[in-house]
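S.K.: Here is how the chains run, residue by residue.
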Amino acid sequence: MAGETDRIEKQILLRAPRGRVWRALTESKEFGTWFGMKLDGPFEPGATLRGTIVPTRVDPDVAAKQKQFEGLPFELIIDRIEPETLFSFRWHPNAIERGVDYSAEPTTLIVFELKEVADGILLTVSESGFDQIPLARRAQAFESNEKGWGMVVKLIEKYLAQAA
Amino acid sequence: MRKPRSAAAASLDPARPASIFAALGDETRLRLASRLCAGGPQSIARLTAGFEVTRQAITKHLHRMEEAGLVSGTRSGRERLWELDAGRLEDARRYLDVISRQWDAALLRLQELVED
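Residue numbers (the working numbering), protein chains in the order written: chain A, 1 to 164; chain B, 1 to 116.
None of these hints come from the bench; they were simulated from the model. Ideal placement from N, C-alpha and C gives every residue a C-beta, glycine not left out. The reader is advised that the hints may include incorrect statements.
Below are the DMTMM-like pairs computed for lysine to aspartate or glutamate, each with C-alpha atoms no more than 20 Å apart in a straight line [as the list claims (entries may be wrong)]:
id, chain 1, residue 1, chain 2, residue 2
1, A, Lys29, B, Glu66
2, A, Lys10, B, Asp26
3, A, Lys29, A, Asp79
Some chain B residues well away from chain A (every beta-carbon gap over 12 Å; in silico) [to be verified]:
id, residue
4, Pro41
5, Ser72
6, Ser76
7, Gly77
8, Arg80
Partial pick of chain B residues on the chain A-facing surface, computed with a CB cut under 10 Å [unchecked claim]:
id, residue
9, Glu83
10, Asp85
11, Trp103
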């Protein structure tokens, strides 16, 4: 069952030119616009970017929810950039505890893959590596609550899978 | 990294599932829940077997889980039998679905941006 708790995968059809999708994903400023973060440099393989959470400008409701995390610092480690095909990076999932140093902990890998289909671009996003996140960290995410949803879910998912 | 929650989260009461997650936020409690799920209602004595912690500690963990409504204890003769409240786990499952939609929400914002 390891695969089920380690990885999330999502797909979406984007009716836009490949170049436009690619730009939205790999130009750090554009990425920040839809994701809701401000990054301190361009995406380049191997680069470590420092960013802060800023409410997204795309959706006002979501922006309101993100407000409590405004200014929270985090790191994004760029992995692969294969022009108009694949973009990947690593980060510390759910690193939203102020004042905690996450740098020594395992990261998850986020991969965006673009595939040309009849109606546009089929984008696949996956995030994997959750099984490597220490149980203590996941438990801590519970105790500090609300904030910990990402890890909470992984843990519950794992528990349900084992218990089934 | 916090991902924004989807609108569906608003329809759930965050206070209740939060207590379930807190109640499971410990390796021993998680194992207890797992045992109760697999083995059905059990006594403290049976639950304590195999754990390297005292019966008192297990009792404390069970009470914490009981406060969260995750387990309940019923008297059976001289001992109490503990069992899992499946309805509460269903709540947790629902939350799981909500979270799984976080990426969807982010992707919809991306879609809005690129299809403009």
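S.K.: Confirm or reject each hint.
M.R.: Outcome of the hint check:
1. Of the supplied pair hints, the one linking lysine 29/A and glutamate 66/B is violated, its CA atoms being roughly 48 Å apart against a limit of 20 Å.
2. Of the supplied pair hints, the one linking lysine 10/A and aspartate 26/B is violated, its CA atoms being roughly 30 Å apart against a limit of 20 Å.
3. Distance restraint check for lysine 29/A and aspartate 79/A: the Cα-Cα separation of roughly 18 Å lies within the 20 Å cut-off, and the hinted pair is therefore satisfied.
4. The claim that proline 41/B is not at the interface with chain A holds, since no C-beta of that chain comes within 12 Å of its own (minimum 15 Å).
5. The beta carbon of serine 72/B is kept farther than 12 Å from every beta carbon of chain A, the shortest such distance being approximately 17 Å.
6. Every CB of chain A lies more than 12 Å from the CB of serine 76/B, the least distance being 23 Å, so the non-interface label holds.
7. Taking the minimum C-beta to C-beta distance to chain A, about 27 Å, the non-interface status of glycine 77/B holds against the 12 Å cut.
8. For arginine 80/B, the requirement that its beta carbon stay farther than 12 Å from each beta carbon of chain A is met, with the minimum near 21 Å.
9. A cut of 10 Å between beta carbons decides the hint on glutamate 83/B: the least distance to chain A is about 13 Å, and the hint is violated.
10. The beta carbon of aspartate 85/B is not positioned within 10 Å of any beta carbon in chain A (closest approach about 14 Å), and the interface hint is therefore violated.
11. Proximity of tryptophan 103/B to chain A holds as hinted, the smallest CB-CB distance being about 5 Å (cut-off 10 Å).
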